[in-house]
Amino acid sequence: MATKLAVALVLALSLFGLTSAGDPDILTDFVVPPNVNNSNLNGSFFTYTGMRSLVGGNPPTTFTVTKASLNEFPALDGQSVSYAVLEFPAGSVNPPHTHPRGSELLFLIYGSLQVGFVDTTNKLFNQTLQTGDIFIFPKGLVHFQYNANQTDFAVAVSAFGSASAGLVSIPVTVFGTGIDDGILAESFKTNVTTIEALKAVLTPPPPKA
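Read in order, the letters of the sequence shown are residues 27 to 235 in this note's numbering.
Each hint should be verified, as a subset may be incorrect.
[Said to hold, decoys possible] Straight line, CA to CA, 25 Å or less: simulated SDA-like cross-link-like pairs of lysine to any residue: (1) 215 to 147; (2) 225 to 90; (3) 165 to 148.
[Unchecked claim] Derived Cβ-Cβ restraints for the label pairs, each shown as a range: (4) 177 to 50: 28 to 34 Å; (5) 62 to 85: 23 to 29 Å; (6) 97 to 64: 20 to 26 Å; (7) 76 to 147: 27 to 33 Å; (8) 214 to 192: 22 to 28 Å; (9) 149 to 76: 44 to 50 Å; (10) 146 to 91: 41 to 47 Å; (11) 146 to 60: 26 to 32 Å; (12) 53 to 97: 20 to 26 Å; (13) 63 to 117: 24 to 30 Å; (14) 85 to 215: 41 to 47 Å.
It is worth saying that the hints were derived from the structure and are not from the lab. Quick caveat: nothing in here was measured; it's all calculated off a predicted structure. Note that CB positions come from ideal geometry on N, CA and C, so glycine has one too.
Just need the whole structure built from these sequences, with the hints factored in.
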């Protein structure tokens with residue numbers, strides 16, 4: 027199983043290298059951080075090793091995202107691409123969220139996932155993905171992923187059309203950022219008591235991809 031996942035991961039990363047750009051063009055070959063001496067650069071600057079732990083690893087016990095974005099990999103600055111590997115234990119969910127600065131191309135390399143997004147007319151587009159399927163989440167639209175399988179995990183690789191696609195968690199944004207309870211109660215046509223109860227259970231850590 028580990029060997030198959032490793033091969034699938036390699037194929038996924040190779041495929042997503044073709045993701046179309048979304049960030050502004052740069053006027054140099056690459057961007058060097060201000061604190062880095064350009065004359066001392068070598069191949070290590072352009073190498074990210076943070077995914078090594080995934081090869082041959084154990085099945086996930088919690089929903090986990092391993093990212094290679096601008097924050098983790100400075101060489102991506104100006105290159106209009108980033109990656110994330112999403113690991114879903116049985117029955118786990120990546121709650122509704124958006125990426126305001128980039129589309130997301132998800133490649134399911136193991137298991138099955140229920141995925142979907144909502145467009146600006148409030149139409150839901152959903153699908154149940156099987157191993158080997160690819161799904162696109164358009165830039166800025168609310169979307170989710172859910173592993174409905176109660177006995178097996180799932181693993182997906184996501185590529186983003188931005189070095190820093192950004193993340194807006196819907197549950198956290200609505201219930202965990204200090205919006206007045208009265209405003210939320212009026213918006214959801216309920217009462218403050220209900221809003222307080224929702225805040226207590228609907229403010230998970232933000233999704234990671």
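**Prompt:** Has the hinted range 22 to 28 Å been met by the Cβ atoms of residue 214 and residue 192?
**Reply:** holds, 25 Å
**Request:** Given the hint of 20 to 26 Å, check if residue 97 and residue 64 actually sit that far apart at their C-beta atoms.
**Result:** Cβ of residue 97 to Cβ of residue 64: about 21 Å, so the range 20 to 26 Å holds.
**Request:** Check the following: the C-beta atoms of residue 149 and residue 76 are separated by a distance inside 44 to 50 Å.
**Result:** violated, 37 Å
**Prompt:** Between residue 63 and residue 117, does the beta-carbon spacing fit 24 to 30 Å?
**Reply:** violated, 49 Å
**Request:** Take the C-alpha atoms of residue 215 and residue 147, compute the straight-line distance between them, and say whether it is at most 25 Å.
**Result:** holds, 21 Å
**Message:** Against the 25 Å threshold, does the CA-CA distance of residue 225 and residue 90 hold or violate the hint?
**Reply:** holds, 23 Å
**Item:** Outcome of range test on Cβ distance (residue 146, residue 60; 26 to 32 Å)
**Value:** violated, 39 Å
**Request:** Starting from the range 28 to 34 Å, see whether the pair residue 177 and residue 50 falls in it by beta-carbon distance.
**Result:** violated, 46 Å
**Range hint compliance [Cβ, residue 146 to residue 91, 41 to 47 Å]** = violated, 26 Å
**Request:** Indicate whether the distance between the beta carbons of residue 62 and residue 85 respects the range 23 to 29 Å.
**Result:** About 38 Å separates the Cβ atoms of residue 62 and residue 85, which means 23 to 29 Å is violated.
**Asked** Does the Cβ pair residue 53, residue 97 satisfy 20 to 26 Å?
**Response** holds, 23 Å
**Asked** Does the Cβ distance between residue 76 and residue 147 fall inside 27 to 33 Å?
**Response** Given about 38 Å between the Cβ atoms, the range is violated.
In summary, the structure is inconsistent with hints 4, 5, 7, 9, 10, 11 and 13 from the numbered list given earlier, while agreeing with the others.
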